[in-house]
Amino acid sequence: MVTLLRIAVVAACVLCLLAAGAWLLADARAIDVLRSELAARGLRALLSVERADVPSPGLLRAHGLQLRDPLGGEEVAALDLLEAQVGLTGAWLGPRLQGLRGTGGRATFSHDGRGIPFVRALDALLDALSHHGPRAPGEGPPPLPGLDFRDLDVTLRMPGQPPRELPGCSVWVGRDGAGTRVDITVGSAGGTLALAFGRDGLRRVTLRDVEIDPSCAVFLPRATQALAAELAPRGLLDLDLALVPGDELAACATGLLRQAELRPARLPFALEQATLPFALEQGRFSVSDARLSFPGGAVAAGLLADRDGFTLDVDIAGAEFRSDLLQLIPRAGQLSWLRPEDGGRIDLQLRIASRAGVTDVQGRGGLSVERLRLGPSGVLVEDVVGSLEVADRVLSFHEFSGRCAGGAARLAGTLDLRTGDVVADAAVFDVDIARLDRALELPGAQERRTAGWLEGHAHWEGRIGEPRTARGQGEFSVRGGYLWSVPALDAVLRALTLAAPVESRSDSLAVEFRVKGATWYGDKLRLDSNVLSLFGDGKLHRDGTLDVKVTPVAMGGTVGEALRYVQRQFVQLEVRGTWSAPVVRVVPLKAVTGPIGKAFAWIGGLFGGGDEAPVTPVGAEPPPGPP
Amino acid sequence: MPRPIISAALLLLAACTVAPPRGWYRPAGAPPAEGPGAHVEQDAGTQVEARCQGVYVNVVDGRRTASVHVQLEVARTAGSDVTLPRAALEVHVRLATGGPPAALALSEVFGGPRHEPDDLAVSGWTRRAFDLFFDAPGLLDDGPPDSLLLRWELRADGAATPGQCEFVRVPADDPFSPERLAPADEAFGYRSGWYLPSVPLGERRLRTSGEQRLHHLFHEPPGWPW
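Quick mapping for you: the protein sequence lines, in order, are chains A and B. Residue numbering for the first sequence follows the working numbering, starting at 1 and increasing by one per position. Residue numbering for the second sequence follows the working numbering, starting at 1 and increasing by one per position.
No lab work stands behind these hints, which were simulated from the structure alone. Any given hint could turn out to be false.
[Unchecked claim] Examples of chain A residues toward chain B, derived with CB under 10 Å:
hint, residue
1, G318
2, L388
3, A408
4, G456
5, H459
6, R505
No residue lacks a Cβ here, since even glycine has one placed at the ideal position from N, Cα and C.
Looking at chain A on its own, in the form it has when it is part of the complex (with noise of 0.2 Å):
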């Protein structure tokens, strides 16, 4: 009996070592029976496991696990820990899987131009699992087990976009009928997403509520991912998108994408707010009575895309007008001499059309701006109102008009939005020159005393950001006014030794010009005035720099009109220096040369001041050619 219990004691040791030993020796060899598991089911180059261990019978854990492209062979996914529940029952046929469960790792969303690596290798794994694995005879493709990952980091990769990372997401991968399916919980920004597979692939495509953004495009059909980097949404998702395999016009898909936010790449702000509803069918993509709501004003839009283009109508109705506007003109920052401020109205319709490549702009609307400002010294111009046409990517402006110092100014011309051709043609009623002038901030305003009404028409051409292109033709008048003290007619009259008249604001002031480049010639120039009137020609370059040459004529007195003529052939004076420091010279011509021109310039020495330049011989220089 004592001999019997020994040898059970011995037995039952030796099995336990046996045991022992074949445990271990399992243990250390269950990378190795893995790997040829993996091998015999063709998926070496699909799947890589670092290490396993067998923790207790029927588990077998897998460490390091790699997920590649079955195409490109790149990293798609990477598996911490891998627990695979085996099942001993008819072992002899080999082990079963009856579950899998994940644990930490990484996966990686990204679109390479032949579809989603991911989702490829998925599938290939999928259907390995499905078609290779051991069978009892007479059998079918055993049941897959249930895929269960958690806490698995998901990274969006879309180009142009910056990776979006989806931490803590769980995966199930399991069988739908015919098919495998697999969900997506997203772990803390939430929401889920299905994936249903069939036995050629991808099928369909739900999501609910998922916050996306523009990397979410990555899941997108190759025809709508360009107008998804166009638009940058971001908002909360729900997506119903069926596919068929290898023929991506079969695609249908309706949606909606909620608390939506848009940023297009060519609008200067957000468009904030959305409930864009959608539909995709045969290869074309389209949003219909979408709201988006933006800093001060809501825009109704609908939207229709396929793989040649898209074409995006655009309402705006009663919105405030913004400063930032103006940045959807092309070349806007070319456009620093006209500076409107926030506050006003504006009324928009649009139709944007791109295909293959070129991108066309029709629309019409209107716009009232509570404050402009133009030019270097912002001068005031406020309650604009005008309306706005586009076609063939020309800008109209039909007839803007606002209040400028006390007058009114027109705008009308139009904008070539290619080339930055303008055309303009502009008008200006009862402006105050005395508080034009001190808009201008041309030196010295505060201290002069200048008065008038001014009108004038222009025509002008040129191109935005290209002064030396500039042409243009016009005349303004200046009447009711006070004008001898703007520099240069201060120093002409203390040329010719006048003292300057008393302020009887009846001065008036008529002007012929042209502009070419940044010169503007004055072709006729004639001021009358009760004390003097001044004849001539001459040029201001954009610098201040001046070149006039008047013919003085004395109007005080009885012997005015007389001596009209008589004094033209005497003298012609020569403005030159600048706007705010003119220089005057005295030329005596025609019949008396010399001794007039010496007595002028000895006087204008007495009186002059110092400011005028030395008298020079005449015809020192000559006059300005036609420009």
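Could you slot chain B onto chain A? The hints should help.
Leaving out everything else, chain B in the frame of chain A:
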């Protein structure tokens, strides 16, 4: 020459040379300023700017009459059109002698250089200038009225919005009284924003000079009184 005849001739001469009374106005509450000043009223879709160019004697259809001259600039800051019905445009005059205000109906309107026989219409996103004349032969009999109340109505998008503006007389001793101004350039017509100050007005008729103007001139020089 008998003395009564001389006296009569002198009186006639005096009658011919003394300028008829003329009243100048600025919006009630506006501070004294060089020009006539403007009353500005803005609602969601329309901006109305009103100036009074005074009450003066002129000749309309061959008859001397006093007229209230108002300039309106209407900017439509919306896509739909706005209309100012003629019937709703009127001036209520508070006479210097007291009594209830008298209502004057609109007599004639010019929109820029065009005669406006119908309601005043302003298209969406445009600005138009109008010169309104309210004629009343005896209006200056007791001197210029103390104040004028201009009333109008804006009709747009199926709604009617009334508006009004009161103008008060610029006293003769006001430092900016247009009565102190030298006569305006008759070809230009304005001095410091006032319409033909110190210039006798004759027949009311559009005078176009061919140049672009916001407000044109509407008066010929006066003819002989016979």
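Do the hints match the structure? See the list:
1. Interface restraint check: A/G318 against chain B, minimum CB-CB distance 7 Å, threshold 10 Å, status holds.
2. Using the Cβ-Cβ criterion of 10 Å, the hint placing A/L388 at the interface with chain B is satisfied: the shortest such distance is roughly 8 Å.
3. The interface hint given for A/A408 is met, as the beta carbon of that residue sits about 5 Å from the closest beta carbon of chain B, less than 10 Å.
4. The interface hint given for A/G456 is met, as the beta carbon of that residue sits about 9 Å from the closest beta carbon of chain B, less than 10 Å.
5. Annotation: interface hint on A/H459 violated; nearest CB of chain B at approximately 12 Å, more than 10 Å.
6. At a threshold of 10 Å, the smallest CB-CB gap from A/R505 to chain B is about 7 Å, leaving the interface hint in force.
In the structure shown, a violation is registered for the earlier hint numbered 5 alone.
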